[in-house]
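Engineer: Read off the chains here:
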Amino acid sequence: MNPEIISNLPALQVVIPLLGALVCALLRRGSAAWFLTMLICLIMPVISIYLLVSVLDSGPISYSMGGWAPPFGIEYKVDVFNAFILVLVSSIGAVVLPYARLSVASEIKPEDRSWFYAMFLLCLTGLLGITITGDAFNAFVFLETSSLSTYVLIAMGRDRRALLAAYQYLILGSIGATFYIIGVGIIYTLTGTLNFADLAARIPEIEQTRSILAAAAFIVVGISLKFALFPLHVWLPNAYAYAPSTVSAFLASTATKVALYLLIRFLFSIFGIEIVTDKLALTDILIILSLAAMLGASTVAIFQHDVKRLFAYSSVAQIGYITLGIALANQAGLTGSLVHIFNHAIIKGALFLAVGAVVYRIGSAEIDDFSGLGKKMPVTMGCLLIGGLGLIGVPGTAGFISKWYLAVGAIDAGYIWLVFLLVLSSLLALIYVGRIVEVVWFRDPGPNLDGVKEAPLSLLLPAAAMAAATIYFGIETSQSVGIAAQAVETLLGLAK
Amino acid sequence: MEFSKEIIANYNNWVTIFLMVSGLYIVVARGNMVKKLVGLSLFQTSVYLLYLSPGKILGGTPPIIAEGFTVYSNPLPHVLMLTAIVVGVATLSLGLALTVRINEEFGTIEEDEIFAKGDDQ
Numbered sequence: 001m002n003p004e005i006i007s008n009l010p011a012l013q014v015v016i017p018l019l020g021a022l023v024c025a026l027l028r029r030g031s032a033a034w035f036l037t038m039l040i041c042l043i044m045p046v047i048s049i050y051l052l053v054s055v056l057d058s059g060p061i062s063y064s065m066g067g068w069a070p071p072f073g074i075e076y077k078v079d080v081f082n083a084f085i086l087v088l089v090s091s092i093g094a095v096v097l098p099y100a101r102l103s104v105a106s107e108i109k110p111e112d113r114s115w116f117y118a119m120f121l122l123c124l125t126g127l128l129g130i131t132i133t134g135d136a137f138n139a140f141v142f143l144e145t146s147s148l149s150t151y152v153l154i155a156m157g158r159d160r161r162a163l164l165a166a167y168q169y170l171i172l173g174s175i176g177a178t179f180y181i182i183g184v185g186i187i188y189t190l191t192g193t194l195n196f197a198d199l200a201a202r203i204p205e206i207e208q209t210r211s212i213l214a215a216a217a218f219i220v221v222g223i224s225l226k227f228a229l230f231p232l233h234v235w236l237p238n239a240y241a242y243a244p245s246t247v248s249a250f251l252a253s254t255a256t257k258v259a260l261y262l263l264i265r266f267l268f269s270i271f272g273i274e275i276v277t278d279k280l281a282l283t284d285i286l287i288i289l290s291l292a293a294m295l296g297a298s299t300v301a302i303f304q305h306d307v308k309r310l311f312a313y314s315s316v317a318q319i320g321y322i323t324l325g326i327a328l329a330n331q332a333g334l335t336g337s338l339v340h341i342f343n344h345a346i347i348k349g350a351l352f353l354a355v356g357a358v359v360y361r362i363g364s365a366e367i368d369d370f371s372g373l374g375k376k377m378p379v380t381m382g383c384l385l386i387g388g389l390g391l392i393g394v395p396g397t398a399g400f401i402s403k404w405y406l407a408v409g410a411i412d413a414g415y416i417w418l419v420f421l422l423v424l425s426s427l428l429a430l431i432y433v434g435r436i437v438e439v440v441w442f443r444d445p446g447p448n449l450d451g452v453k454e455a456p457l458s459l460l461l462p463a464a465a466m467a468a469a470t471i472y473f474g475i476e477t478s479q480s481v482g483i484a485a486q487a488v489e490t491l492l493g494l495a496k
Numbered sequence: 001m002e003f004s005k006e007i008i009a010n011y012n013n014w015v016t017i018f019l020m021v022s023g024l025y026i027v028v029a030r031g032n033m034v035k036k037l038v039g040l041s042l043f044q045t046s047v048y049l050l051y052l053s054p055g056k057i058l059g060g061t062p063p064i065i066a067e068g069f070t071v072y073s074n075p076l077p078h079v080l081m082l083t084a085i086v087v088g089v090a091t092l093s094l095g096l097a098l099t100v101r102i103n104e105e106f107g108t109i110e111e112d113e114i115f116a117k118g119d120d121q
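Here the protein sequences come in this chain order: S and X. Those letters in the first sequence? Residues 1 to 496, by the numbering used here. Those letters in the second sequence? Residues 1 to 121, by the numbering used here.
By construction, these hints were calculated from the structure, which means they are not laboratory data. All clues stand as given, with none of them false.
Take a look, some chain X residues computed to stay more than 10 Å from chain S by CB distance:
id	residue
1	8
2	9
3	22
4	56
5	57
6	61
7	62
8	65
9	67
10	112
Okay, the calculated bits of chain S under chain X, using three or more residues with CB under 8 Å as the criterion:
id	segment
11	152–163
12	166–175
13	178–191
Think of the CB as a built atom: it goes at the ideal place given N, C-alpha and C, for glycine as much as any other residue.
With the hints as extra help, turn the sequences into a complete structure.
Structural biologist: Now the structure itself:
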């Protein structure tokens with residue numbers, strides 16, 4: 001490749017989808033917009049994988065936006081940790097988009113389709129931007145780019161309650177983003193810099209002040225609203241339940257994960273572990289909230305009758321696992337978190353794609369309408385089953401790997417009782433997954449399923465790819481765990 | 001005396017905090033979707049003041065290099081807040097657009113009336 005292009009790859013990662021969104025908005029034909037979006041979504045993983053490989057080979061890449069040297073200009077900094085997340089987000093985009101064509105055609109009015117793809121690309125831009133940037137204010141701009149486009153995507157759902165869900169998310173999401181920017185404002189006033197690396201260098205000087213604690217609190221609460229930490233999760237179930245199927249799958253796999261990335265970046269790379277654990281007692285709070293999410297949200301999930309809603313509550317619970325690993329803040333725990341960010345993205349992707357395929361065929365996500373579906377749509381339901389096993393954490397699936405590391409992390413931190421609660425939460429997952437499996441495989445098809453066929457190939461393949469990845473990363477862990485462990489070493493190394 | 005001096009010296013922060021808290025309160029306390037957005041806007045606007053007031057130096061000039069002027073205000077917060085204003089406008093307009101659509105679909109923009117319809121579990 002042209003060296004000029006290679007040296008600008010970090011910028012292209014964000015600029016290509018941004019320009020693509022603009023072109024999509026101008027294209028008035030949905031199919032043309034889809035084609036362009038598909039093209040961009042195929043280029044994105046190529047760039048991010050190239051970045052990951054070169055970071056693994058030769059260390060972090062620093063890119064100065066517009067030629068202004070950091071810390072004055074905006075720096076795009078790629079290290080192992082965010083290259084890992086970039087690969088995740090861009091690959092999920094590439095897997096979800098082939099699925100989008102039919103799914104969007106069945107759920108969204110023809111005149112809105114090109115807008116849908118424009119918003120999708122803007123959302124992708126925002127998510128990739130948050131991940132790649134090394135500047136606290138730039139991260140806010142991308143946070144709002146992705147959030148604003150997400151509100152629109154959710155509001156495009158068929159049900160009129162999608163509008164309410166989008167409105168509710170808009171209010172809470174904006175409060176979250178404003179909290180974040182208040183925190184950043186306080187830090188900026190204290191240190192005079194917005195660059196992540198520069199902040200990390202200057203924060204020890206002002207560690208004793210109370211303002212830095214206030215800033216940390218604002219930032220943590222703000223980001224927590226974005227990734228739906230229990231009890232700040234109220235926007236999430238409605239948003240995922242009423243959004244178009246493609247959007248549910250994409251958001252569940254990426255949006256919350258990127259916000260979690262930002263939290264980990266702030267806690268470990270910028271504030272440093274001392275402020276987080278000793279001064280703010282954040283780890284204790286996070287452990288309690290994580291447990292509440294793991295047990296509380298899983299219990300609520302058991303009683304849901306809409307499958308998309310059920311999986312949305314399960315997402316809140318799974319986010320609890322990730323924050324638990326962050327709270328443990330040791331090598332194994334944090335590795336567990338990072339691996340679970342990756343694994344949960346794949347698992348939830350498979351589940352929401354499979355449910356979306358059902359919605360495409362029968363037009364409903366009510367669990368009662370699923371009865372006997374195993375006989376009519378065996379492959380789709382097979383993906384659902386594999387994803388479900390991944391949620392429970394059955395050995396041989398990706399979910400097991402991350403829970404294993406979390407359990408090891410809990411034991412290392414001296415909390416043996418946490419392991420029992422981890423198992424208990426898995427049992428709750430077993431109940432809600434078991435409920436779906438019972439309805440799908442052990443009941444006779446109802447009259448609503450007359451003439452229902454297996455989902456079309458373009459819906460089936462992405463779901464099957466995610467399900468296959470769930471098994472693959474449950475057995476072959478050298479990539480996922482290997483890279484996550486390497487990222488954790490830098491994170492904990494930086495955390496003085 | 002010392003205490004009241006402290007308060008007066010930081011009056012810009014008190015204004016910021018007042019706007020912030022009242023904005024957030026309106027978002028929480030009001031059921032009308034337009035009023036909620038007004039509160040949200042107020043909340044976001046208070047952040048502009050949080051950034052801008054430490055950036056301004058009394059007696060300082062705009063940050064342009066010229067003979068005889070050595071004290072000037074920090075330009076960066078102003079630039080940042082221009083971006084934040086754009087974000088705020090986008091959020092408000094999207095929120096209002098959603099409210100219009102909600103009014104079309106539900107016939108009301110009062111949250112309790114919508115929930116009373118039992119449409120939202």
